[in-house]
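Enquirer: Sequence:
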Amino acid sequence: MGLGLGEPCSKKLKVMGERDGVLLKTLLFCAQKPTDREGHFKADWHTLNLETREISPTLITMSPEVGIGFSAVVCRNHVYVLGGGCSMDPSCPDGETRKIHSHDHVFCFDYDHPDHGWKQAPRMSVPRWNPMVLAAEGKIYAFMGSEQFGDVFDVSGSGWKLLTPPPDVDMASLHLSRLLHYDPPRSRILVHFETQDFRGKYPLYAYYVDSESWE
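Quick note on the working numbering: the sequence shown kicks off at 158 and runs consecutively.
If you are wondering where the hints come from, they were derived from the structure by calculation, not from laboratory data.
There could be a bad hint or two in this list.
Derived PhoX-like pairs (lysine-lysine); straight-line CA-CA distance at most 25 Å [what the hints assert, rightly or not]:
(1) Lys276 x Lys296
(2) Lys276 x Lys190
(3) Lys182 x Lys296
(4) Lys276 x Lys318
(5) Lys318 x Lys296
(6) Lys276 x Lys199
These figures come from a predicted structure and were not determined experimentally.
Could you build all of it, start to finish, from the sequences and the hints given here?
Expert: Here is the structure:
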């Protein structure tokens, strides 16, 4: 899930943890907190124990390089923060023109050892603003947020590679729903498209992780 531009500072980013196929009893979330009246904020990560309902103190504060419009996902024992962008930042190419400048960077931290801090992971193939993300079988998938359909990253590997869109899908008239679903028994990701022209077509595709093919 992602935190977008213009959302209130009380907005929570919730990421459910999963390890070895077993759902953990802890919810990880990121809370935006204002630091001044100029619109600046910091984002702190916490855990919520689903049994005791206790919220932890701050585990780790978001790296300021992340910016806004990022997305996050849990894979194994790490939280990965992907994409996003910045505005009015002179260090970025479009900062002077008050345009949003998207990022391709990826940061991660080990939630078992948050004291180790943020580490920079391999960058995505292209910059992505508020991408839809999902983790499956040790890989992270990032969809949309760019003119390129998707990216995939094997966390045990060294880099990202672009995903080919499903066949016969006109990306100019369709956009991706945020309701991505991983179906472990069949090793497939269910991807739902929504129309922009209101013709009533809502195709559902399955991406098979092992064969890297669409149906």
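Enquirer: The structure should be examined with respect to each hint, and the outcome stated for every one.
Expert: Here's how the hints hold up against the structure:
Pair hint Lys276 plus Lys296 holds up; C-alpha atoms about 18 Å apart against a cutoff of 25 Å. Proposed proximity of Lys276 and Lys190 is supported: the alpha carbons are some 22 Å apart, at most 25 Å. Straight-line distance between C-alpha atoms of Lys182 and Lys296 comes to about 22 Å, which keeps the hinted pair within the 25 Å bound. For the given pair, Lys276 sits about 20 Å from Lys318 by alpha-carbon distance, which is consistent with the 25 Å threshold.
The hinted pair formed by Lys318 and Lys296 meets the criterion: a straight-line CA distance of about 11 Å does not exceed 25 Å. Using a Cα cut-off of 25 Å, the hinted pair Lys276 and Lys199 holds, with the two alpha carbons roughly 18 Å apart.
In the structure shown, no violation is registered for any of the earlier numbered hints.
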